[in-house]
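In our numbering, the protein residues as written are 248 to 402.
Worth flagging that the hints you see were computed from the coordinates, not collected in a lab.
Just to be clear, a hint being listed does not mean it is correct.
Here are the simulated PhoX-like pairs of lysine-lysine, each with C-alpha atoms no more than 25 Å apart in a straight line [what the hints assert, rightly or not]: (1) Lys357 / Lys311; (2) Lys357 / Lys392; (3) Lys331 / Lys360; (4) Lys392 / Lys331; (5) Lys331 / Lys311; (6) Lys311 / Lys349; (7) Lys392 / Lys349; (8) Lys311 / Lys360; (9) Lys349 / Lys360.
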Amino acid sequence: MTIRPATEDDLSILARLKPHVHNMHAEALPDRFFYQTEEDARQEFERLQDRDNMQTIIVEYEDKPVGYLLMSFLHRPASNQLRKLDVLYINQIAIHPDYRRKGCGHVLIKAAKDLARERNMDAMELSVWLFNQAGVTFFESEGFKPESQRMIMEM
Numbered sequence: 248m249t250i251r252p253a254t255e256d257d258l259s260i261l262a263r264l265k266p267h268v269h270n271m272h273a274e275a276l277p278d279r280f281f282y283q284t285e286e287d288a289r290q291e292f293e294r295l296q297d298r299d300n301m302q303t304i305i306v307e308y309e310d311k312p313v314g315y316l317l318m319s320f321l322h323r324p325a326s327n328q329l330r331k332l333d334v335l336y337i338n339q340i341a342i343h344p345d346y347r348r349k350g351c352g353h354v355l356i357k358a359a360k361d362l363a364r365e366r367n368m369d370a371m372e373l374s375v376w377l378f379n380q381a382g383v384t385f386f387e388s389e390g391f392k393p394e395s396q397r398m399i400m401e402m
């Protein structure tokens, strides 16, 4: 397996991979998420690619791109309430269903962790929806721990 930075030439690859994960969210939470087409995903990646604080990496399995991780580098200054915190935030991670449980997610997280250390980040963070128990279990196995819980009340 290899990890490499995504380039503009990878937009169609990213657009093919994202709906596999996104549409799982739309199925589980139809009142929160729309289903996403490859074209929707492509437009999203086109908007995100020029942001200085974001980076996408791709995992290749047997020379085939099968997953990606989109991350942001966030810098929160100290305030009178909170300490300074520099965070690598994992916005999205997606692995093609045919390549799950083969270590692709693990190598993406490891690559993100290496980048966080290179940039002297204080922590890595992500959000995972509670319906996604496989995701919760995976992230816990990678060393992530719950820190807060977001709650909602329908009206």
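Check your understanding: So which of the earlier hints does this model not fit?
Key -> Hint 5 contradicted; others consistent.
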